[in-house]
Every structure is written in C-alpha cells, then in structure tokens.
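Generate the whole structure from the sequences, applying the supplied hints.
Protein chains in written order, with numbering that gives the first Met the number 0: chain R, 0 to 190; chain S, 0 to 190; chain G, 0 to 190; chain C, 0 to 190.
Any given hint might turn out to be false.
Put simply, identical chains are the same to the list, so a pair is met inside one copy or across any two.
Said to hold, decoys possible - With a straight-line cut-off of 25 Å between C-alpha atoms, the simulated PhoX-like cross-links for lysine-lysine are:
#  : residue 1 : residue 2
1  : 162       : 186
2  : 111       : 172
3  : 102       : 172
4  : 186       : 111
5  : 167       : 40
6  : 63        : 167
7  : 186       : 2
8  : 102       : 18
9  : 28        : 40
10 : 26        : 186
11 : 2         : 62
12 : 25        : 63
13 : 111       : 63
14 : 40        : 186
15 : 102       : 162
16 : 62        : 162
Hints listed in this document are in silico derivations from the structure and should not be mistaken for laboratory results.
4 protein chains.
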Amino acid sequence: MVKLLFLAGSTREASLNKKLAVVAAKKAKDLGVDAMFVDLKEFEMPIYNGDLEDRQGLPEGAKKLKKLFVEADGFFIASPEYNSSFSALLKNALDWISRSEDKDEQPLSAYKGKVAALAAVSPGGYGGMRGLVPLRMMLGNIGVTVIPSQMAVPSGFDAFDDKGGLIKEGQQKMLLNLLQEFVSTTKALAR
Amino acid sequence: MVKLLFLAGSTREASLNKKLAVVAAKKAKDLGVDAMFVDLKEFEMPIYNGDLEDRQGLPEGAKKLKKLFVEADGFFIASPEYNSSFSALLKNALDWISRSEDKDEQPLSAYKGKVAALAAVSPGGYGGMRGLVPLRMMLGNIGVTVIPSQMAVPSGFDAFDDKGGLIKEGQQKMLLNLLQEFVSTTKALAR
Amino acid sequence: MVKLLFLAGSTREASLNKKLAVVAAKKAKDLGVDAMFVDLKEFEMPIYNGDLEDRQGLPEGAKKLKKLFVEADGFFIASPEYNSSFSALLKNALDWISRSEDKDEQPLSAYKGKVAALAAVSPGGYGGMRGLVPLRMMLGNIGVTVIPSQMAVPSGFDAFDDKGGLIKEGQQKMLLNLLQEFVSTTKALAR
Amino acid sequence: MVKLLFLAGSTREASLNKKLAVVAAKKAKDLGVDAMFVDLKEFEMPIYNGDLEDRQGLPEGAKKLKKLFVEADGFFIASPEYNSSFSALLKNALDWISRSEDKDEQPLSAYKGKVAALAAVSPGGYGGMRGLVPLRMMLGNIGVTVIPSQMAVPSGFDAFDDKGGLIKEGQQKMLLNLLQEFVSTTKALAR
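Given below as structure tokens:
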C-alpha cells in the first residue's frame with residue numbers, strides 16, 4: 000500500500016493550509032491509501048546553517064521528518080503564500096531533510112523517485128497560487144515528480160465548515176480529483 | 000508498447016538540439032519502445048492568431064502534429080535557448096496543438112496525462128539549462144507530467160561525433176539514464 | 000523627452016490586450032511623454048530560424064521594429080496568456096530584434112538599459128497574470144529593467160467601454176499608477 | 000548620498016557568499032556611496048509564525064533589520080543556492096521585515112521603491128545561478144526593482160584571495176560593472 004504524507008507550510012494554530020492538508024489526508028484515506036498528516040510543529044528545527052550541521056549533524060526534528068519522507072512514496076503540500084513565495088518554515092524543513100547523514104547514503108534520498116501534489120489556500124482572491132510556482136520549480140529540480148494538477152482555494156476564511164470540510168461542492172470535487180491523480184501517479188511510480 | 004515522440008525546438012539544418020533529439024530517439028528504440036523523431040520543419044504553421052483560427056481552424060501542420068501528440072504517451076523535447084527562454088517555433092507549435100478542434104473534444108487532449116522529458120544543448124557553458132525553466136513551468140501548467148531529471152549539454156559544437164552520437168561517455172550515460180527514467184515513467188503512467 | 004513604445008502580444012483584430020496597450024499609450028501621452036502604440040501586425044516576420052538569418056539577415060519587419068526599440072527608452076507590453084505563458088508572436092518578435100545586424104553592434108542593443116512595464120487582460124478570473132511570470136523572467140535576463148508594478152485585468156470582455164477606455168475606476172487608477180511608475184523610472188534611468 | 004546594504008543569505012562562518020557581500024560592500028564604498036555589510040547573524044529571529052507575530056509583534060532582530068532596509072535605498076544580496084532555491088534564512092528575514100508594525104504604516108515599506116542587485120557564489124560550476132531565479136521573481140513581486148545584471152561565481156573555493164578579494168581579473172571587473180549599475184540605478188531612482 001502506498002504511503003503518503005500530508006503537510007502544511009505553516010505551524011500557525013488556525014492555519015488554513017493546515018486545514019486543507021488535514022482534510023486532504025482524510026479524503027485520501029477514503030481512497031484506500033496509507034495517508035498521514037504531519038504537523039511541522041512537532042518537528043522543530045533551527046534555521047539551517049552549515050556550521051551547525053558540521054558540529055551536530057541533523058537536528059532530531061529533521062531526522063524524524065526525513066525518516067518519514069524516506070519511507071513515504073509521495074507527499075502533499077498545502078503551502079501558504081508569503082510574499083509570492085512559500086514559507087521559510089517549509090523551505091527550512093525541505094532543506095534540512097535534503098542533507099545526507101552519512102557518506103554511503105544516496106543524495107536526496109528523501110526526494111528522489113517521490114511524487115508530490117501541491118495545493119494552497121489563502122484569504123485573498125488568488126488562493127495562494129503564486130507561491131506554488133517556485134515550490135513546483137524547486138521540487139522538480141531535486142528529483143520529485145510533481146503532478147501537474149494543483150489546487151488553489153481563494154477566500155479561505157469561508158472555505159471550511161466547522162468540522163474542517165470544504166464547504167463548496169466544486170472544491171470538494173476538485174480536491175477529490177487532485178487526490179485521485181496523486182494516488183494513481185504514486186501507485187504507478189512506486190517501486 | 001508506449002509511443003514516444005522526440006522533437007527539437009529548432010528547424011535549423013545543423014541544429015544541435017535536433018541532433019540531440021535524433022540520438023535520443025535512437026537510444027530510446029534500443030530500450031524497446033516505439034520512438035519517433037519529429038522534425039518540426041515538416042509541420043509548418045503560421046504564427047498563432049485567433050482570427051486565423053476562427054476562419055480556418057487548425058492549419059494542416061498543426062492538425063498532423065496534434066494527432067501525433069494525442070496518440071503518443073510521452074514526448075522528449077530538446078530545446079534551444081533563445082534569450083534565456085525557449086524558441087517561438089516551439090511555443091507556436093505547442094500553442095496550436097493545445098487548441099480543440101470541436102466542442103466535444105476534451106481540452107488539452109494533446110497534453111493531459113502525457114509525460115515529458117526535457118533536454119538542451121548549447122555552444123556555451125551552461126548547455127541551455129536556463130531555457131528549460133520556463134518550458135518545464137509551462138508544460139506542468141497544461142497537464143503534462145515533466146520528469147524531474149533533465150539534461151543540459153554544454154560546448155555543443157564538440158559534443159557529437161560524425162554519426163551524431165554523443166562523444167563523452169559521461170553524457171552518453173546521462174542520456175541513457177534520462178531515457179530510462181522517461182520510459183519507465185511513461186510506461187507506469189500510460190493508461 | 001522619453002520615448003515609450005506600447006505593444007500587445009497579439010495581432011487579433013479584437014484583441015483585449017491590444018485595447019489595453021492602446022489606452023495605456025493614450026494615458027501615457029497625457030503624462031507628457033512621447034508614447035507610441037506599435038501594432039505587431041505591421042511588423043510581420045517569419046518564425047525565427049538561424050539558417051534564414053544567415054542567408055538574409057533580419058527580415059524587414061524585424062529591422063523596423065528593432066529600430067523603434069533601439070530608439071526608445073522603454074516599452075509597455077500587454078501580453079495575452081496562452082497556456083500559462085506569453086504568445087509565440089511576442090517571443091518571435093523579441094527574439095528577432097535581439098539579434099545583432101553587424102559585428103560592431105553592441106549585443107542586445109534593443110534591450111540593454113531599457114525599462115519595461117507589463118500588463119495583461121484576459122476573459123477569465125486571473126487576468127492573464129500567469130503569463131507575465133515567464134515574460135518578466137526573460138526580460139530581466141536580457142538587460143531590461145522591468146518595473147515591479149504590473150497590472151492584470153480579469154473579466155476582460157466587460158473591461159472596456161465603446162471608446163476603448165477602462166470602465167472600472169479602480170482599474171483606471173491602477174493603470175495610471177502603473178504608467179506613472181513606468182514614466183518616472185524611465186525618465187530616471189534614461190541616459 | 001545613497002545608502003546601500005550588502006547581505007548574504009548565509010550565516011556560516013566561512014560562507015563564500017558572505018565573502019562576496021563583504022568585498023562588494025568594500026568596492027561599493029570606493030564608488031562613493033554609503034555601503035554597509037549586514038551580517039544576518041546579528042539579527043537573529045525565530046522562524047516566522049503568525050501566532051508568534053500576533054502575540055509579540057516583530058522580534059528585535061527583525062525590527063532592527065527592517066529599520067536598516069527602510070532607511071536604505073538599495074540592497075545587494077549574495078545568495079547561496081540550496082536545492083536550486085535561496086536559503087530559508089534569507090526567506091525568513093525577508094518575510095519578517097515585510098510585515099507592518101502598525102496600521103498606519105505603508106505596506107512593504109522595507110521594499111517598495113527600493114533597488115536590488117543579486118549575486119551568488121558556489122563551489123560548483125554554475126555559481127549558484129539557479130537560486131537567483133526564484134529570488135528575483137519574489138523581489139519583483141513585492142515592489143523591488145531588481146537590476147537586470149547579476150553575477151554568479153563558480154568554483155567558489157578558489158575565487159577569493161587571503162584578504163577576501165576576488166582573484167580573477169574578469170570577476171573583479173564583472174563585480175565592478177554590477178556595482179556601477181547598482182549604484183547608478185539606485186541614485187537615479189532614489190527620491
């Protein structure tokens with residue numbers, strides 16, 4: 000059974016993107032895959048610095064997160080848009096887990112051969128779609144197959160019901176389509 | 000058997016990227032797939048203009064090329080870099096074949112669900128890699144799964160032997176790896 | 000007095016982006032600059048091909064357009080979005096005029112030191128903003144200072160009145176702000 | 000006299016990009032401007048989190064850095080490339096100082112109307128140029144005029160002499176040209 004991670008580029012308590020990642024993970028389980036929501040809050044790590052890495056190796060949070068990525072077949076990222084790009088929090092986590100822990104390790108073992116799906120939600124009218132451009136660009140450059148479909152949810156404060164579900168039927172359907180493409184691509188490419 | 004197209008973003012007689020597409024097609028055949036080099040020279044079309052399309056529909060060259068794309072499972076593009084982006088020739092062909100010919104046709108039928116691999120060769124030191132950034136960006140936006148690996152061949156005038164083969168062993172190997180990833184991804188995703 | 004060109008990436012008769020470029024040129028004149036709308040329709044050129052260039056040099060349309068660019072201090076481009084990128088028509092024109100006509104010419108004389116402003120209008124909800132990403136990227140790479148402000152007009156079929164003016168006051172103001180920044184930047188940087 | 004900041008996207012002790020920012024600041028002073036090297040190490044800040052901001056406002060490091068940006072006319076960034084993009088350290092600092100501290104403040108006061116120049120140095124053959132693509136994209140989106148010229152220094156471990164100067168004459172000249180364009184653009188656009 001393929002293993003999929005669902006994470007958000009924000010640790011804010013009421014983060015809209017966290018909500019999106021959580022509901023996506025739930026819906027993915029309904030599709031019969033092993034889907035796990037990963038809250039970056041539980042994987043704290045300092046801002047990446049090469050000297051720090053030389054002295055101490057990967058911080059515990061990065062080691063744990065990297066292990067999840069290495070074992071997963073794909074990951075879904077709900078990414079907030081800060082200044083038209085993705086968050087430092089997300090970049091920092093992605094950078095730390097890109098590092099090898101010993102000489103014999105394959106480079107980019109957290110990423111190579113993996114599949115990713117991207118989504119965003121924002122309070123504004125564009126749904127955070129601008130931030131997905133550099134995220135897609137980066138992931139493609141480090142060996143991840145990013146599926147072409149993606150989802151940007153505008154007017155995010157009105158998008159979710161009390162139980163965290165998407166209110167609009169159209170968006171529910173869009174998410175389902177995205178997840179189906181994500182799951183089928185991951186199944187097809189998993190070795 | 001999966002069907003793969005190999006094309007170059009140039010119609011120049013001695014085009015380095017044409018050479019790269021030709022040798023890639025040959026090597027792909029050795030991997031046991033249906034690989035076809037497509038010379039854009041044989042698919043002439045005027046520069047896209049909506050009025051022209053309204054009056055005459057797709058030009059013959061575009062119809063023929065689109066048919067090949069619709070029937071193919073994947074395409075390999077060797078793209079020259081003009082002003083840090085890909086050629087107008089390539090953009091024009093890709094735009095024309097993105098158009099639907101009748102109301103019942105699925106939009107983007109030439110692209111949706113297809114797999115692409117990108118490569119470039121240039122006389123300079125960067126091998127045309129800058130032009131692949133916007134090309135990857137565009138294809139991802141229209142439903143194409145672009146595989147993460149790509150290849151940029153620098154010093155292109157010295158890259159090929161008389162028979163059109165890549166001279167450097169490292170580049171031969173890189174092309175082979177790229178093609179293997181391209182073929183396996185296309186096989187996996189072909190429906 | 001600074002000289003500014005206003006062009007659209009479409010030659011379609013009823014092109015929304017042509018309308019936007021025309022009204023922008025008119026408003027720029029009101030700001031006391033030499034503003035000229037340039038219809039690419041009057042500068043026909045074949046799709047760029049290196050062999051063609053070797054045999055015949057720049058086609059007449061490209062020579063004329065290049066001359067306008069060389070003499071101008073800045074250019075405003077209203078760019079339609081085709082498949083999330085700008086048009087082949089525009090890329091082709093920009094590529095042809097990037098070419099030198101003789102050995103002593105400075106490379107990229109049409110672009111180096113020039114200022115550009117970007118805008119887009121589309122029938123859809125995003126106003127063609129996605130196509131401006133690769134256009135901005137390319138121009139920055141060839142020596143053009145692209146001003147940070149830009150304008151994307153959604154619901155383009157309802158955006159203009161019978162005389163070609165923008166209907167919404169907010170958009171009129173946005174265009175005016177964009178032009179003021181464009182004019183002041185060009186004046187400041189013109190040598 | 001225009002005020003220019005010079006910073007690096009790394010706090011590593013022996014950072015090549017820090018070296019590049021330091022030598023650039025020194026050379027800029029020779030051009031008669033107020034040039035200041037800013038070590039991000041002295042502006043520590045936690046990873047951006049909206050809840051944290053709601054509770055405590057900007058951290059001290061961010062306030063101090065923002066003040067420098069607000070007072071400056073331009074900034075030069077030497078950016079290391081991590082996973083084909085810029086560092087989380089840099090993104091984090093740029094995001095924090097993008098935030099307003101009170102309701103009456105103009106949005107993006109650290110950025111609007113400012114000029115930026117980008118550079119990179121890396122141990123590899125491309126000089127970190129890939130990471131400048133998303134950095135340029137982001138800065139352009141938040142109101143910064145990024146000058147078209149940029150500089151990527153390959154083989155970075157062999158690029159500097161004992162005193163921190165660039166060894167190769169060609170690179171010294173390239174840096175000088177970049178700084179001259181940076182200074183003249185900033186002077187022209189400073190209000």
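Evaluated hints:
no.	hint	result
1	162 - 186	neither (29 Å within a copy, 40 Å between copies)
2	111 - 172	between (30 Å within a copy, 18 Å between copies)
3	102 - 172	between (45 Å within a copy, 23 Å between copies)
4	186 - 111	both (15 Å within a copy, 18 Å between copies)
5	167 - 40	neither (29 Å within a copy, 45 Å between copies)
6	63 - 167	neither (36 Å within a copy, 41 Å between copies)
7	186 - 2	both (9 Å within a copy, 21 Å between copies)
8	102 - 18	neither (38 Å within a copy, 28 Å between copies)
9	28 - 40	within (22 Å within a copy, 44 Å between copies)
10	26 - 186	within (16 Å within a copy, 27 Å between copies)
11	2 - 62	within (18 Å within a copy, 42 Å between copies)
12	25 - 63	within (22 Å within a copy, 43 Å between copies)
13	111 - 63	within (18 Å within a copy, 36 Å between copies)
14	40 - 186	neither (29 Å within a copy, 39 Å between copies)
15	102 - 162	neither (46 Å within a copy, 33 Å between copies)
16	62 - 162	neither (32 Å within a copy, 38 Å between copies)
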